[in-house]
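**Student:** Next come the chains, spelled out residue by residue.
2 protein chains.
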Amino acid sequence: MAISSSSSSSSLTRFLTAPCQKDRILSFGNNINFNKNNKRNNKLCINASSSSAAANKSIKELTLDSKVEVLLDSVKWDDKGLAVAIAQNVDTGAILMQGFANREALATTISSRKATFFSRSRSSLWTKGETSNNFINVHDVFLDCDRDSIIYLGKPDGPTCHTGSETCYYSSVNNFLNHSKVEDSTLALTTLYSLESTISQRKAEIEADDSGKPSWTRRLLLDKKLLCSKIREEADELCRTLEENEDQSRSASEMADVLYHAMVLLALKNVKAEEVLEVLRLRFTKSGIEEKNSRK
Amino acid sequence: MAISSSSSSSSLTRFLTAPCQKDRILSFGNNINFNKNNKRNNKLCINASSSSAAANKSIKELTLDSKVEVLLDSVKWDDKGLAVAIAQNVDTGAILMQGFANREALATTISSRKATFFSRSRSSLWTKGETSNNFINVHDVFLDCDRDSIIYLGKPDGPTCHTGSETCYYSSVNNFLNHSKVEDSTLALTTLYSLESTISQRKAEIEADDSGKPSWTRRLLLDKKLLCSKIREEADELCRTLEENEDQSRSASEMADVLYHAMVLLALKNVKAEEVLEVLRLRFTKSGIEEKNSRK
Chain Y
1 MAISSSSSSS SLTRFLTAPC QKDRILSFGN NINFNKNNKR NNKLCINASS
51 SSAAANKSIK ELTLDSKVEV LLDSVKWDDK GLAVAIAQNV DTGAILMQGF
101 ANREALATTI SSRKATFFSR SRSSLWTKGE TSNNFINVHD VFLDCDRDSI
151 IYLGKPDGPT CHTGSETCYY SSVNNFLNHS KVEDSTLALT TLYSLESTIS
201 QRKAEIEADD SGKPSWTRRL LLDKKLLCSK IREEADELCR TLEENEDQSR
251 SASEMADVLY HAMVLLALKN VKAEEVLEVL RLRFTKSGIE EKNSRK
Chain U
1 MAISSSSSSS SLTRFLTAPC QKDRILSFGN NINFNKNNKR NNKLCINASS
51 SSAAANKSIK ELTLDSKVEV LLDSVKWDDK GLAVAIAQNV DTGAILMQGF
101 ANREALATTI SSRKATFFSR SRSSLWTKGE TSNNFINVHD VFLDCDRDSI
151 IYLGKPDGPT CHTGSETCYY SSVNNFLNHS KVEDSTLALT TLYSLESTIS
201 QRKAEIEADD SGKPSWTRRL LLDKKLLCSK IREEADELCR TLEENEDQSR
251 SASEMADVLY HAMVLLALKN VKAEEVLEVL RLRFTKSGIE EKNSRK
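Chains as they are written, first to last, in full-length UniProt numbering: chain Y, 1 to 296; chain U, 1 to 296.
Simulated from the structure, these hints should not be mistaken for lab results.
Since this is a predicted model, take the numbers as computed values, not measurements.
It is possible that part of the hints are untrue.
For identical chains, the list gives no copy identity; a pair is met inside one copy or between any two copies.
Cut-off 20 Å, straight-line C-alpha distance, at most; resulting in silico cross-link-like pairs (SDA-like, lysine to any residue) [unchecked claim]:
#1 K155 x Y193
#2 K224 x D236
#3 K269 x S249
#4 K224 x T198
#5 K155 x L187
#6 K114 x S124
#7 K203 x N245
#8 K272 x Y193
#9 K269 x E207
#10 K213 x T285
#11 K203 x Q248
#12 K272 x F284
#13 K80 x R120
#14 K76 x S119
#15 K203 x T285
#16 K272 x A204
#17 K269 x N137
#18 K76 x T163
#19 K272 x E166
#20 K272 x R122
#21 K114 x N178
#22 K67 x E104
#23 K76 x R120
#24 K76 x R122
#25 K272 x R250
#26 K80 x D148
#27 K225 x E237
#28 K203 x K272
#29 K225 x D236
#30 K269 x E244
So here's chain Y without its partners, still in its complex pose:
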C-alpha cells in the first residue's frame, strides 16, 4: 500500500509522518505506508478499496475523497477509536470546548465544516449546536505532531457552553486558591481579552454610579477629549520609533500604549476586540476577498 514516489510525495510524507509516529509506520521516506493496526480501531467502516487505490497514486492524482481517507488513516486513534478534539475561536484564540472525535466525527467536521464530536456518554456522533443552534463553523482543522490531537479552528455562532458561558473553561484555580470568594465566570482569558474585561469592568462601575478606585482607565472613560488626544499622541509616538530609529522595546511599548488606549475607545463604543479581528480576517483571507467582491 505504498504511494508511488513522485514530486509531491515528499510533501505528503511530511504531512503524514511525524517523528512520534515512527514506531507505527512500517516504513517511510518517499513512500507512504499506512498503519494497519490503526484501522482496527475505526468505528466507521472505511472504504478500503478507495484507500488502496489512493495508496497507488501521487498526492496530485488523488480525489478529494481519497485524500480525506488518507488523512483519516494518518490519525493515531486510541484504543477506543478516539482522538482529543479541541475547538478554538479563530479570531480570539479562546479554547471553546474539548471533546473527542472518532473517524466519522472528523470526517463529518471536514465535510460539513461544523465542529462534530463523538459523545462517549451517548456513544453517538454529536455536532455542537444541533440542539442550541450555536454551531462552531470550522475554518481549518489541525493535527499535532503525534497525530492524536486535533484543533477545530472556527467561529462560534454563540456561547459554546451548555451553561450559556462563552467557553466551557470558567473555573480558575487561582481564584479558588487565592480568594475566599470565588468569582462567577472567570473565563480563561488571554492578555488582550483580560485587558478588555478589566476596561469593561471599569466602565460598568461608572455606569453603576460606583465611585470605584481612581484609575487611568476610569479617567479616560470619563473624558473623551483626553482619550482621543492620547490615542493620537500614542500613534504619533509609535511612528516616531520607526522614523527616529528607536530600539525595538520602544516600539513594543508604544504599540502597547496605542492598543490600550484604542481599546478604551472600543469599550466606550461597545465594540469587542473580537469584532475588530473578524473585520481583519474578512479582509485578509480568501473568504474576505470573496466577501469584498460580493459587495461590489
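Take the given structure of chain Y and dock chain U to it, following the hints.
**Tutor:** Below, chain U alone, put in the same frame as chain Y:
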C-alpha cells in the same frame, strides 16, 4: 463529608459543582459532598484525613494544601485516573500542546507553576521542558464545566514542540486537501497571528529581492513615510468615530486599519505582536504592578 454551610460555601459549591457533574455528586446545594467513586482511580495516594478535615470547614478556614486537595477531588478523572490537559500561550492564545494530567501532575503544576503531564507511554510524570529547558510557566489553570478538561494558561520559554516548532499543531488539513504542495509548519494561527505571518512573508519577499505580487502591504513596507502617515491618519479616523458619534461598525473598521498598519510597522522593527501583548500583561496584571514597583 459535607462542608458546613457558611457565607462562603455557596462560592465553593459554585466552583466545585458543574451541571454536568450532577450524576457524580451525591448531593449539593449549601453542602459539598465529594465524589467517592472518583477517588478510586487516583494514582497518587491522597491524604484522606486532610480532605476529611477540609470537608468540615468553610472555604475561608481551609489551608492552601486543603484547598488543593478539594480541588483535586473535584476533577472528574477518567478510568485511568487522567484528564485532558491543554497548554495555551497566555499572550497569543496559541494552543501549544495537549497531553494528559493525573492527580499528581495537576498538583505538581499548581505547586511548581511548570506545565506537568502524565506520560502514558512512560507511565510517569513529565514536566514539559525538563529535557529541552523550554518550560511552560503556568499563570493560571482552568477547569471546564465537565471538570475533565484542563487548561494550563502560561508562557513558554521557547518552542514547545520537540520538532522545534512553536506549537505541536502544524499540520493543516485545508493545506493537505486543497493544495498539491503541503507547506511546512502551517501553524494553527488565529487572526492576528495569521495577519502577522502574511506581513512577515511580504517582508521576506522584499528582502529576498523577489519582485513578488504588488500589494498594499508591500508598498507600506517599502515606504516608511507613507506607512507612518497612514498610521496617524487611521488613528485620527478611529478617534473621529467617537467624537462624531459614528456607528459601531465604523469603529471596528477603523480599529482594524490602525491594527493592520501598526503591525506593518512592527514587522519593519522586527517586533512580534506577542512582545506587545507581554508588555500589556506586565503592565496590567498584579505581577506587572510588582514589576513596575521593582523598577522604582
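**Student:** Within, between, both or neither: how does the pair K272, Y193 come out at a Cα-Cα threshold of 20 Å?
**Tutor:** For K272 and Y193, the Cα distance is within 20 Å both inside one copy (9 Å) and across copies (18 Å).
**Student:** State whether the alpha carbon distance between K114 and S124 is at most 20 Å within one copy, between copies, both, or neither.
**Tutor:** within (16 Å within a copy, 36 Å between copies)
**Student:** Indicate which option fits the pair K76, S119 if close means a Cα-Cα distance not exceeding 20 Å: within, between, both or neither.
**Tutor:** For K76 and S119, both the intra-copy (18 Å) and inter-copy (16 Å) Cα distances are at most 20 Å.
**Student:** Using 20 Å as the alpha carbon limit, work out where K76 and R120 are close: within a copy, between copies, both or neither.
**Tutor:** both (18 Å within a copy, 14 Å between copies)
**Student:** Up to 20 Å between alpha-carbons, please classify K272 paired with E166: within, between, both or neither.
**Tutor:** So K272 and E166 pass the 20 Å test inside one copy only (14 Å; across, 28 Å).
**Student:** Taking 20 Å as the upper bound on the Cα-Cα distance, should K272 and R122 be classified as within, between, both, or neither?
**Tutor:** neither (37 Å within a copy, 45 Å between copies)
**Student:** Could you place K203 and N245 in one of the four classes (within, between, both, neither) given a Cα distance threshold of 20 Å?
**Tutor:** Between. Shortest inter-copy distance 18 Å satisfies the 20 Å Cα cut-off; intra-copy 37 Å does not.
**Student:** Within a copy, between copies, both or neither: which one fits K225 and D236 at a CA-CA cutoff of 20 Å?
**Tutor:** Both. Shortest intra-copy (17 Å) and inter-copy (12 Å) distances satisfy the 20 Å Cα cut-off.
**Student:** From the Cα coordinates, with 20 Å as the cut-off, is the pair K269 and E207 best called within, between, both, or neither?
**Tutor:** within (14 Å within a copy, 40 Å between copies)
**Student:** Taking 20 Å as the upper bound on the Cα-Cα distance, should K203 and Q248 be classified as within, between, both, or neither?
**Tutor:** between (32 Å within a copy, 17 Å between copies)
**Student:** Is it within a copy, between copies, both, or neither that the alpha carbon of K269 lies no farther than 20 Å from that of N137?
**Tutor:** Result: close neither inside a copy nor across copies, 27 Å intra and 35 Å inter.
**Student:** Are the CA atoms of K224 and T198 at most 20 Å apart within a copy, between copies, both, or neither?
**Tutor:** within (18 Å within a copy, 34 Å between copies)
In terms of the numbered hints stated before, the structure departs from hints 17, 20, listed from lowest to highest.
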